[in-house]
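Undergrad: Listed below, chain by chain, are the residues.
Protein chains: 2
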Amino acid sequence: MQYHFSDRISTLKPSAIREIFKYAADPSVVSLSAGNPAPDAFATKQIGEICTDIFNTHPIDALQYSVTEGYPKLREFIRDYMKTRHNIGRDFDDVLVTSGAQQIMELCAKVLCNEGDTVIAEDPSFIGSLNCFRSLGAKLKGVPIEPDGMDISALAEALEHTPNVRFIYTIPNFQNPSGVTMSLEKRHALYDLAKKHGVMIVEDNPYGDLRYEGDNLPNIKSFDEEGIVIYSGSFSKVIAPGLRVGYTVAPAEVMKKMVVAKQGEDVHTNILAQMICYEFMTRYDFDENLAFLRKLYSRKAKYAMELLDKYVVPHGISYLPIQGGLFLWCTLPDSVDMPDFCKRAVLEHKVAIVPGTAFLCDEKGSSQCFRINFTTPSDEKLEEGIKRLGAFAELVLG
Amino acid sequence: MQYHFSDRISTLKPSAIREIFKYAADPSVVSLSAGNPAPDAFATKQIGEICTDIFNTHPIDALQYSVTEGYPKLREFIRDYMKTRHNIGRDFDDVLVTSGAQQIMELCAKVLCNEGDTVIAEDPSFIGSLNCFRSLGAKLKGVPIEPDGMDISALAEALEHTPNVRFIYTIPNFQNPSGVTMSLEKRHALYDLAKKHGVMIVEDNPYGDLRYEGDNLPNIKSFDEEGIVIYSGSFSKVIAPGLRVGYTVAPAEVMKKMVVAKQGEDVHTNILAQMICYEFMTRYDFDENLAFLRKLYSRKAKYAMELLDKYVVPHGISYLPIQGGLFLWCTLPDSVDMPDFCKRAVLEHKVAIVPGTAFLCDEKGSSQCFRINFTTPSDEKLEEGIKRLGAFAELVLG
Numbered sequence: 001m002q003y004h005f006s007d008r009i010s011t012l013k014p015s016a017i018r019e020i021f022k023y024a025a026d027p028s029v030v031s032l033s034a035g036n037p038a039p040d041a042f043a044t045k046q047i048g049e050i051c052t053d054i055f056n057t058h059p060i061d062a063l064q065y066s067v068t069e070g071y072p073k074l075r076e077f078i079r080d081y082m083k084t085r086h087n088i089g090r091d092f093d094d095v096l097v098t099s100g101a102q103q104i105m106e107l108c109a110k111v112l113c114n115e116g117d118t119v120i121a122e123d124p125s126f127i128g129s130l131n132c133f134r135s136l137g138a139k140l141k142g143v144p145i146e147p148d149g150m151d152i153s154a155l156a157e158a159l160e161h162t163p164n165v166r167f168i169y170t171i172p173n174f175q176n177p178s179g180v181t182m183s184l185e186k187r188h189a190l191y192d193l194a195k196k197h198g199v200m201i202v203e204d205n206p207y208g209d210l211r212y213e214g215d216n217l218p219n220i221k222s223f224d225e226e227g228i229v230i231y232s233g234s235f236s237k238v239i240a241p242g243l244r245v246g247y248t249v250a251p252a253e254v255m256k257k258m259v260v261a262k263q264g265e266d267v268h269t270n271i272l273a274q275m276i277c278y279e280f281m282t283r284y285d286f287d288e289n290l291a292f293l294r295k296l297y298s299r300k301a302k303y304a305m306e307l308l309d310k311y312v313v314p315h316g317i318s319y320l321p322i323q324g325g326l327f328l329w330c331t332l333p334d335s336v337d338m339p340d341f342c343k344r345a346v347l348e349h350k351v352a353i354v355p356g357t358a359f360l361c362d363e364k365g366s367s368q369c370f371r372i373n374f375t376t377p378s379d380e381k382l383e384e385g386i387k388r389l390g391a392f393a394e395l396v397l398g
Numbered sequence: 399m400q401y402h403f404s405d406r407i408s409t410l411k412p413s414a415i416r417e418i419f420k421y422a423a424d425p426s427v428v429s430l431s432a433g434n435p436a437p438d439a440f441a442t443k444q445i446g447e448i449c450t451d452i453f454n455t456h457p458i459d460a461l462q463y464s465v466t467e468g469y470p471k472l473r474e475f476i477r478d479y480m481k482t483r484h485n486i487g488r489d490f491d492d493v494l495v496t497s498g499a500q501q502i503m504e505l506c507a508k509v510l511c512n513e514g515d516t517v518i519a520e521d522p523s524f525i526g527s528l529n530c531f532r533s534l535g536a537k538l539k540g541v542p543i544e545p546d547g548m549d550i551s552a553l554a555e556a557l558e559h560t561p562n563v564r565f566i567y568t569i570p571n572f573q574n575p576s577g578v579t580m581s582l583e584k585r586h587a588l589y590d591l592a593k594k595h596g597v598m599i600v601e602d603n604p605y606g607d608l609r610y611e612g613d614n615l616p617n618i619k620s621f622d623e624e625g626i627v628i629y630s631g632s633f634s635k636v637i638a639p640g641l642r643v644g645y646t647v648a649p650a651e652v653m654k655k656m657v658v659a660k661q662g663e664d665v666h667t668n669i670l671a672q673m674i675c676y677e678f679m680t681r682y683d684f685d686e687n688l689a690f691l692r693k694l695y696s697r698k699a700k701y702a703m704e705l706l707d708k709y710v711v712p713h714g715i716s717y718l719p720i721q722g723g724l725f726l727w728c729t730l731p732d733s734v735d736m737p738d739f740c741k742r743a744v745l746e747h748k749v750a751i752v753p754g755t756a757f758l759c760d761e762k763g764s765s766q767c768f769r770i771n772f773t774t775p776s777d778e779k780l781e782e783g784i785k786r787l788g789a790f791a792e793l794v795l796g
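From first to last, the protein sequence lines stand for chains B and R. Heads up, the first sequence is in this note's numbering, so the first residue is 1 and it goes up one at a time. Heads up, the second sequence is in this note's numbering, so the first residue is 399 and it goes up one at a time.
Everything labelled a hint here was simulated from the structure, so no lab data went into it. Note that the coordinates shown come from a computational prediction; the quantities given were computed from them, not determined experimentally. Watch out, some of these pointers could steer you wrong.
[Said to hold, decoys possible] Mimicking DMTMM-like on lysine to aspartate or glutamate, the simulated pairs with C-alpha atoms at most 20 Å apart in a straight line are:
| # | chain 1 | residue 1 | chain 2 | residue 2 |
| --- | --- | --- | --- | --- |
| 1 | R | 411 | B | 69 |
| 2 | B | 139 | R | 513 |
| 3 | R | 654 | B | 7 |
| 4 | B | 45 | R | 451 |
| 5 | R | 443 | B | 226 |
| 6 | R | 420 | B | 61 |
| 7 | B | 45 | R | 447 |
| 8 | R | 537 | B | 115 |
| 9 | B | 195 | B | 215 |
| 10 | B | 256 | R | 405 |
| 11 | R | 693 | R | 623 |
| 12 | R | 700 | R | 438 |
| 13 | R | 654 | B | 19 |
| 14 | B | 13 | R | 467 |
| 15 | B | 22 | R | 467 |
| 16 | B | 364 | B | 384 |
| 17 | R | 443 | B | 253 |
| 18 | B | 139 | R | 611 |
| 19 | R | 593 | R | 467 |
| 20 | B | 13 | R | 651 |
| 21 | R | 443 | B | 115 |
| 22 | R | 700 | R | 558 |
| 23 | R | 420 | B | 19 |
| 24 | R | 420 | B | 7 |
| 25 | B | 22 | R | 492 |
| 26 | B | 73 | B | 49 |
| 27 | B | 22 | R | 651 |
| 28 | B | 45 | R | 459 |
| 29 | R | 411 | B | 19 |
| 30 | R | 420 | B | 69 |
| 31 | R | 537 | B | 7 |
| 32 | R | 693 | R | 760 |
| 33 | B | 22 | R | 459 |
| 34 | B | 256 | R | 611 |
[Said to hold, decoys possible] Simulated coverage check for chain R against chain B, where a stretch passes if three residues somewhere in it have a Cβ under 8 Å from a Cβ of chain B:
| # | segment |
| --- | --- |
| 35 | 605-617 |
| 36 | 640-652 |
Even glycine gets a Cβ: it sits at the ideal position worked out from N, Cα and C.
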């Protein structure tokens with residue numbers, strides 16, 4: 001049988017990260033290519049207790065069909081929490097629980113974009129979102145990212161000259177892959193530009209709670225008096241990613257359409273996982289859990305930067321210091337062939353990093369960068385991995 | 399803000415069933431409109447034990463990111479089980495675990511159809527699938543269903559005269575909503591027609607294990623030597639729908655594209671739920687569980703048909719006897735305005751049934767039918783509901 005695939009899928013490549021993962025599965029390889037929480041970040045005891053209680057007291061609720069909008073108690077909790085803590089949510093907004101924040105991206109593109117319409121995104125940006133937009137036939141227009149966030153004049157120009165822009169996709173805090181945090185000024189400027197052009201903003205904030213230094217900045221959604229921002233939150237980095245629970249605070253009119261689309265995707269999100277998130281947030285001290293995670297990751301982030309300074313920077317590779325998140329973004333000198341460097345790093349030197357081209361809006365674009373994750377490997381593996389990278393850099397760059 | 403929605407979503411209405419559900423939430427209403435398993439169908443004790451064990455022995459596996467294809471042990475189990483039990487799966491096939499079988503429909507349409515391409519479906523058919531195909535811009539071409547399945551000559555004609563048909567969607571066993579089971583002859587005829595026209599088949603089989611009478615018929619996928627059938631299975635009716643775990647056995651080449659699309663939808667299916675399904679299937683006697691479910695539902699099906707014979711049929715409403723599944727399909731005499739009948743049934747007589755128009759491929763089409771579910775209500779509620787329906791029918795039809 002000669003299969004005919006849709007145009008939107010035919011052009012989509014499996015994530016380059018997955019290719020790297022194949023090599024990274026080799027036990028002799030140190031993987032700095034993942035984006036997973038540390039295994040010791042999981043509150044396994046508490047989550048186990050919650051499960052036992054649910055099955056002892058109201059098991060049917062965890063097993064029967066539920067409503068598409070999400071577990072009512074969790075929705076109410078999120079509504080209150082986001083309003084109280086982050087000034088997110090107005091009367092015109094509503095809350096939808098999703099199967100991970102990834103599904104929010106899918107729903108936004110499905111609901112807001114016709115095929116051929118454009119999504120503006122930071123360039124580079126999270127490959128999962130970019131591929132998701134592509135898989136629904138959206139075009140991507142990249143706006144370069146600077147150390148304080150999106151290049152606002154390039155954004156203004158893109159909005160001026162690109163037809164049918166449906167939304168601007170941004171990760172303002174500790175962006176994946178660049179680690180960059182958008183300044184307050186740029187958050188306002190981005191909001192004002194979107195408002196001016198009647199374009200929506202999808203604010204993806206999986207890492208916002210993982211700040212290790214500096215003060216929290218207000219989320220763009222907290223300015224939103226116009227109903228133009230779709231906020232995307234996730235429990236993946238602060239409870240557990242395997243649960244696949246995300247949530248959006250979005251204008252109710254948009255959310256209603258997302259609900260109709262979600263009915264056709266998975267009917268509703270796994271209800272046991274939603275109950276676990278609700279119980280975890282309300283039964284235990286969530287702030288204490290966040291403080292624990294920040295301490296754990298902050299130490300690892302510092303350690304990773306020290307190791308880079310010691311082993312890698314002396315050979316001409318630079319990196320952007322970060323204030324939070326899971327990733328470090330490194331830049332090779334122009335003389336080096338970046339894709340070849342990443343390939344040889346894993347094949348010859350047994351350290352897996354992710355080539356920057358994987359994160360570009362234009363898949364044919366070029367990049368001198370690569371991404372490192374420091375949360376998944378143990379300290380020993382992290383040191384070994386960065387040492388190997390340094391040794392290889394010395395070989396190539398002297 | 400004036401929101402602009404995509405064409406594919408703008409035309410999509412929230413499921414009519416959801417409207418009925420709103421009324422059905424009134425405690426004075428007897429709901430025969432759902433499609434839920436009976437509350438006593440759930441093996442709560444065993445599932446609770448499994449959860450406790452998972453969190454005692456390998457909690458991180460249940461909480462960390464996992465692979466898009468599915469929990470490896472569950473995939474292997476499904477591969478063996480489907481091959482051994484149902485002769486499903488050839489060397490060219492592979493297994494993908496999904497977030498409910500609903501996601502399989504979404505992935506099929508996304509991967510196989512461009513906007514404007516056509517999906518052929520039984521008419522009436524499962525509204526969740528029809529809406530899902532619509533939400534990806536596919537056109538629907540309905541083929542009438544007869545008491546032994548799809549009208550094959552109408553199917554042949556549709557394949558002959560409809561451009562860009564990408565797949566035929568069928569529920570061969572105890573179809574939703576009609577309850578019809580496709581004969582063996584028609585299964586072969588459908589397969590042969592699809593083969594002749596180079597069109598794929600999506601075989602949706604959520605109810606296949608719930609046969610109460612007669613012999614099992616081979617699934618269409620069991621004939622598939624050409625790699626043209628995508629088989630869709632689900633744990634929703636045989637373990638628990640709240641877990642949202644389905645699986646497809648599909649040609650590997652197609653499955654690879656589905657994996658790429660699934661990455662963009664939810665990365666992977668909730669891993670705890672996948673582990674629960676695997677442990678449930680391997681640790682307990684699954685056949686014994688199926689026998690228990692068949693006994694439970696078979697009794698309820700018989701009871702519902704007896705009640706219809708006693709209270710409803712005498713007033714001129716007919717129904718199709720069923721051999722399995724969750725639904726009964728009733729037909730009103732031509733003199734009755736069906737949508738008005740369903741509306742008055744719930745508003746004035748406090749019994750919720752689903753109007754047949756909800757399940758049509760052409761949303762503007764007409765129907766004299768309505769759907770009844772007998773698995774969710776208790777025996778008392780079932781009797782009360784069908785009595786009310788009978789009293790109303792007497793009022794309208796004499």
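Undergrad: Give a verdict on every hint.
TA: Hint by hint, here is what the structure shows:
Annotation: proposed proximity of residue 411 of chain R to residue 69 of chain B holds, straight-line Cα distance about 16 Å (limit 20 Å). Taking the CA atoms of residue 139 of chain B and residue 513 of chain R, the gap is about 16 Å. The hint holds against a cut of 20 Å. As the CA atoms of residue 654 of chain R and residue 7 of chain B are separated by approximately 15 Å, the hinted pair is consistent with the 20 Å bound. Among the hinted pairs, residue 45 of chain B with residue 451 of chain R is consistent with the structure: their alpha-carbon atoms are about 12 Å apart, no more than 20 Å.
With a CA separation close to 49 Å, the supplied pair residue 443 of chain R and residue 226 of chain B exceeds the 20 Å bound. Between residue 420 of chain R and residue 61 of chain B, the direct Cα distance comes to roughly 19 Å. Compliance with the 20 Å bound is thereby established for this hinted pair. At roughly 16 Å between alpha-carbon atoms, residue 45 of chain B and residue 447 of chain R fall within 20 Å of each other, so this suggested pair holds. At most 20 Å may separate the alpha-carbon atoms for a hinted pair to count; residue 537 of chain R and residue 115 of chain B meet this at roughly 16 Å.
Taken as a hint, the residue 195 of chain B and residue 215 of chain B pair is broken in the structure, with Cα atoms around 27 Å apart against an allowance of 20 Å. Between the alpha carbons of residue 256 of chain B and residue 405 of chain R the distance comes to roughly 15 Å, so the proposed pair stays at or under 20 Å and holds. At most 20 Å may separate the alpha-carbon atoms for a hinted pair to count; residue 693 of chain R and residue 623 of chain R exceed this at roughly 35 Å. For the suggested pair residue 700 of chain R and residue 438 of chain R, the alpha carbons sit about 18 Å apart, so the restraint of at most 20 Å is met.
With a C-alpha separation of about 14 Å, the suggested pair residue 654 of chain R and residue 19 of chain B falls inside the 20 Å cut-off, and the hint holds. Of the pairs offered as hints, the one joining residue 13 of chain B and residue 467 of chain R holds, with about 16 Å between alpha carbons and a cut-off of 20 Å not exceeded. Pair hint residue 22 of chain B plus residue 467 of chain R holds up; C-alpha atoms about 14 Å apart against a cutoff of 20 Å. At roughly 33 Å between alpha-carbon atoms, residue 364 of chain B and residue 384 of chain B are farther apart than 20 Å, so this suggested pair is violated.
Distance restraint check for residue 443 of chain R and residue 253 of chain B: the Cα-Cα separation of roughly 41 Å exceeds the 20 Å cut-off, and the hinted pair is therefore not satisfied. With a C-alpha separation of about 53 Å, the suggested pairing of residue 139 of chain B with residue 611 of chain R is violated against the 20 Å cut-off. In summary, the hint linking residue 593 of chain R to residue 467 of chain R is not supported, as the alpha carbons are separated by about 27 Å, beyond the 20 Å threshold. A C-alpha spacing of about 14 Å is found between residue 13 of chain B and residue 651 of chain R, which places the hinted pair at or below 20 Å, so the restraint holds.
Proposed proximity of residue 443 of chain R and residue 115 of chain B is contradicted: the alpha carbons are some 48 Å apart, above 20 Å. With a C-alpha separation of about 41 Å, the suggested pair residue 700 of chain R and residue 558 of chain R falls outside the 20 Å cut-off, and the hint is violated. Using a Cα cut-off of 20 Å, the hinted pair residue 420 of chain R and residue 19 of chain B is violated, with the two alpha carbons roughly 47 Å apart. Between residue 420 of chain R and residue 7 of chain B, the direct Cα distance comes to roughly 39 Å. Violation of the 20 Å bound is thereby established for this hinted pair.
Restraint check for residue 22 of chain B and residue 492 of chain R: the C-alpha separation of about 19 Å stays at or below 20 Å, so the hint holds. In summary, the hint linking residue 73 of chain B to residue 49 of chain B is supported, as the alpha carbons are separated by about 19 Å, within the 20 Å threshold. Distance check on the hinted pair: residue 22 of chain B and residue 651 of chain R sit about 19 Å apart at the alpha-carbon level, within 20 Å; holds. Restraint check for residue 45 of chain B and residue 459 of chain R: satisfied, since their Cα atoms lie roughly 14 Å apart, inside the 20 Å limit.
Distance check on the hinted pair: residue 411 of chain R and residue 19 of chain B sit about 40 Å apart at the alpha-carbon level, beyond 20 Å; violated. A C-alpha spacing of about 14 Å is found between residue 420 of chain R and residue 69 of chain B, which places the hinted pair at or below 20 Å, so the restraint holds. Under the criterion of a C-alpha separation no larger than 20 Å, the hint pairing residue 537 of chain R with residue 7 of chain B is consistent with the structure, at around 16 Å. About 37 Å separates the Cα atoms of residue 693 of chain R and residue 760 of chain R, which puts this hinted pair outside 20 Å; it is violated.
Only pairs whose Cα atoms come within 20 Å are accepted, and residue 22 of chain B paired with residue 459 of chain R is accepted, the gap being roughly 19 Å. Annotation: proposed proximity of residue 256 of chain B to residue 611 of chain R is violated, straight-line Cα distance about 42 Å (limit 20 Å). Counting residues of the segment 605-617 of chain R whose beta carbon lies closer than 8 Å to any beta carbon of chain B gives 0, which falls below the threshold of three, so the coverage claim is violated. As drawn, the segment 640-652 of chain R meets chain B at 6 residues by the rule of a beta-carbon pair under 8 Å; at three or more, the given contact holds.
When each numbered hint is compared with the structure, violations occur for hints 5, 9, 11, 16, 17, 18, 19, 21, 22, 23, 24, 29, 32, 34 and 35.
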